[in-house]
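Participant: Residues per chain are reported as follows:
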Amino acid sequence: MTEVQRPRERAAVESAPALPRLLSGIRAHGALTLEEHLALHGPLPTGHGARRRQQREHAAMLIDEIELSGLTGRGGASFPTATKLRAVAGARGRAIVIANGAEGEPASLKDRTLLEALPHLVIDGGLIAAEAVGADELILCACATAPTSVEAMEQALAERERELTGGHAPKVSLATVPGHYVAGQETALVNYLGGGPAKPTFTPPMPFEQGLRRRPTLINNAETLAHIALIARQGASWFRQLGTSSQPGSTLVTLSGPVAHPGVYEIENGASLSSLIDASGGTTARVRAALLGGYAGAWISGGHLQGVALSKEHLAPHGATLGAGIVLLLSESACPVAETARAARWMAGQSAQQCGPCIHGLDALAGTLEEIALGRADARVTQRLERLASLTSRRGACAHPDGAVNMISSALEVFATEFADHARHGACEGCARAGELPLPLRPLSDESSGKKGARA
Amino acid sequence: MSHRVEVNPITCEAHGMCAELLPERITLDEWGYPLIDDTPLHGSQVEHAIRAARACPTFALLVKKERTERSGRVRVRSG
Amino acid sequence: MSLLAASGPSIYWYLTRSTGAVALLLLTISIVLGVVDVKRWSTPRWPRFVVDSLHRNVSLLAMVFLVLHILTSVLDSFAPIGLSEAFIPFIGSYRPFWLGLGAVSFDLIGAVIITSLLRQRMGYGTWRAIHWLTYASWPIALLHGFGTGSDVKATWLLALSVGCAAAVVAAVATRVLSGWPANLGARSAALGGTGAFALFLLLWLPHGPLGSEWARRSGTPSALLPHAHNSSTKGKK
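Residue numbers (the working numbering), protein chains in the order written: chain A, 1208 to 1663; chain B, 702 to 780; chain C, 19 to 255.
Keep in mind that the hints were calculated from the coordinates and are not lab data. These numbers were taken from a predicted model, which means no experiment stands behind them. Be aware that one or more of the hints could be misleading.
[Said to hold, decoys possible] Not close to chain B: a few residues of chain A, all C-beta gaps over 10 angstroms, as computed:
#  : residue
1  : LEU1247
2  : GLU1264
3  : GLY1300
4  : GLU1366
5  : GLU1368
6  : GLY1401
7  : PRO1407
8  : ARG1421
9  : GLN1513
10 : ALA1523
11 : PRO1564
12 : GLN1590
13 : LEU1598
14 : ARG1602
15 : GLY1603
16 : ALA1604
[As the list claims (entries may be wrong)] Taking lysine-lysine pairs in the DSSO-like style, the calculated list, with each CA pair at most 30 angstroms apart, reads:
#  : chain 1 : residue 1 : chain 2 : residue 2
17 : B       : LYS766    : A       : LYS1378
18 : B       : LYS766    : A       : LYS1406
19 : A       : LYS1378   : A       : LYS1406
20 : A       : LYS1519   : A       : LYS1406
21 : C       : LYS57     : A       : LYS1406
[What the hints assert, rightly or not] Reference listing, derived: stretches of chain B covered by chain C, where coverage requires no fewer than 3 residues with Cβ under 8 angstroms from a Cβ of chain C:
#  : region
22 : 706 to 717
23 : 758 to 765
Beta carbons: idealized from backbone N, C-alpha and C, even for Gly.
Can you build the whole structure from these sequences, using the hints too?
Facilitator: Here it is in structure tokens:
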């Protein structure tokens, strides 16, 4: 896919007439205006203008409602949103809210879709979150390599200028952040917004206690905030009408690979993978395997995809999660060994280059995988891979090396036969074909390469 | 109250003095970076850990003090 | 006391020269050890923490000798040197420029020593940036030694100075070349500066301290010059 495919307004799941929710009213081109947004969803129930005590009560009620809804973060970690809100609300100092639309994962397009098509949903969510934690500042972050989303957000903020310059509204600003992978990591985002590089920092202190300008900082993914915007209007019970009991609600998923219409879809949590594929117009080639959760995620082989449902508990037995809602399908003509090696090399290149074990470990892992793909590996390569994995995982300041090791270990397990074949016989015909997994064409030091999801 | 050793992987530049001064808890990987065993330190090991933390040229080695009665953790740089 | 002064240099004069020479030697060793340290050199008998501790301790010892050097030069009654001249450069009357260089060097070294003792209270980046001043302090100290010393032409001191200079040049070259070509600008400047300094010494020494009448040319008060007191000395030209 070379540009964002606007999903059609339709139910993506068999038994859920209540979809779409977030993607309601989405247009083929352009963003929903403020008027259209309000006509669709109604006014935003804010506590602005009320007295201090009532504001605090309102804030507590908001957090309670979000807790009842069971909303979890949509940025990949699936952390309970209410817990995060409470932690920031309870920390010392005036809070700051950051709406994370950085989306450095090349296989994910949902956040930029929200920002460029439904900006008011994200802004609403940010304002509610700011109320909930008593923040006086809201910073909306868009990706520098997605200029359409930046423009849409600027336009949306201009539309709301009067509302936002009122005395009780927090100070709202828009920031554009670099597009590389780790730039969207929470401490990296705080680092960048504080004037430093977009690289992770050592914790503690965690952002919720001491983040931007040493203040408690709430960082929520753009989609999470969009959900909050609707929960604030329609309530927790409404939210729980969809999804599973442990993972209620709906989720935005970026589907790519051999399907008729790859792109962003809204699914009910727990929907089957086959219903998602149906909604995208069906497959255009046989599916060899799926990579769920992106380049820090896990593989599931084609044979096991039949009954797979997209929720935490259904994916756990496969060792996988949806991550930031990413489903990458690999066709039969692709070579999983070559693709894994490519993805591993890319992940190695995305290291912030701050921690020795990440720099050396990911490079060594990628190099070893490349050797296997070319048939140059020796007999002890399995042990070497295991040793490298244990030397690399959990020894960096952030979870980047852990994610890469997770993806690589999963590939080694799921594609054990293919890896063994390559180790013995070298490259296969699938290796020679252009890479299927969406990885940026050029190294991300050149931030003008905006073709996220382009085929290399 | 227990003491543990931890490394800040960002400031660590693989000088390797920590492994020399606290071999009971720290070994070096093939790239020269510390592999930390974070089991609690006993008795005189705490002094050696503090000395190792002071010797680190980039202050990457940290000696953490944990109050086991409360759930809070206090990080002590080098005693 | 004045009878002793008339008959020859006092004990303090000898002490200030010797402690100065030892300080130069120790500072040289410190720089060499600093480069060995940052290059992470070690053997089973010379582990990393020993090299590092040695570097720190030699530097502190150099500071001790520097302090003795300053105190003895003040106590010596031959040249009118006040204590403040050790810290504030160029304010004295005895060879003000060359003595002042010593004060500059001492100030730089002092900053490095103090920040190193207080390392834990400042950011690593700040400490490191100030530590680079050692590379500036050394050539200034050497020039101070050449400029102020009355026995600079003595073979032992010349040999010591040249030996120390060679050691420092080798250390700097080693430091600059490791990690080449990262930070090419800074590294090239360092190499260029070192080369230029060496060249400057080669050209200047014969006409300067090793040339004639250096004592007068360097700013020794005329009352202290040899021909002023001893009328039987033939004036040299």
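Participant: Indicate, hint by hint, whether the structure satisfies it.
Facilitator: Going through the hints against the structure:
1. LEU1247: With a cut-off of 10 angstroms, LEU1247 (chain A) remains clear of chain B, as the shortest Cβ separation is near 45 angstroms.
2. GLU1264: 28 angstroms, holds
3. GLY1300: Consistent with the label, GLY1300 (chain A) stays out of reach of chain B, its closest Cβ about 17 angstroms off (over 10 angstroms).
4. GLU1366: 41 angstroms, holds
5. GLU1368: 40 angstroms, holds
6. GLY1401: At about 16 angstroms from chain B, GLY1401 (chain A) clears the 10 angstroms cut-off, so the statement holds.
7. PRO1407: Given a closest Cβ separation of 8 angstroms, the condition is violated.
8. ARG1421: Given that every Cβ of chain B is farther than 10 angstroms from that of ARG1421 (chain A), nearest at about 16 angstroms, it holds.
9. GLN1513: Nearest chain B Cβ is 42 angstroms from GLN1513 (chain A), so the label holds.
10. ALA1523: Label holds. Min Cβ-Cβ 27 angstroms, cutoff 10 angstroms.
11. PRO1564: 5 angstroms, violated
12. GLN1590: Label holds. Min Cβ-Cβ 14 angstroms, cutoff 10 angstroms.
13. LEU1598: 5 angstroms, violated
14. ARG1602: Non-interface label on ARG1602 (chain A) violated, nearest chain B Cβ at 6 angstroms vs cutoff 10 angstroms.
15. GLY1603: 5 angstroms, violated
16. ALA1604: 5 angstroms, violated
17. B:LYS766 to A:LYS1378: Cα-Cα ~39 angstroms, so violated.
18. B:LYS766 to A:LYS1406: Answer holds: LYS766 (chain B) to LYS1406 (chain A) is near 28 angstroms, not above 30 angstroms.
19. A:LYS1378 to A:LYS1406: 25 angstroms, holds
20. A:LYS1519 to A:LYS1406: 29 angstroms, holds
21. C:LYS57 to A:LYS1406: Cα-Cα ~27 angstroms, so holds.
22. 706 to 717: holds (count 4)
23. 758 to 765: holds (count 3)
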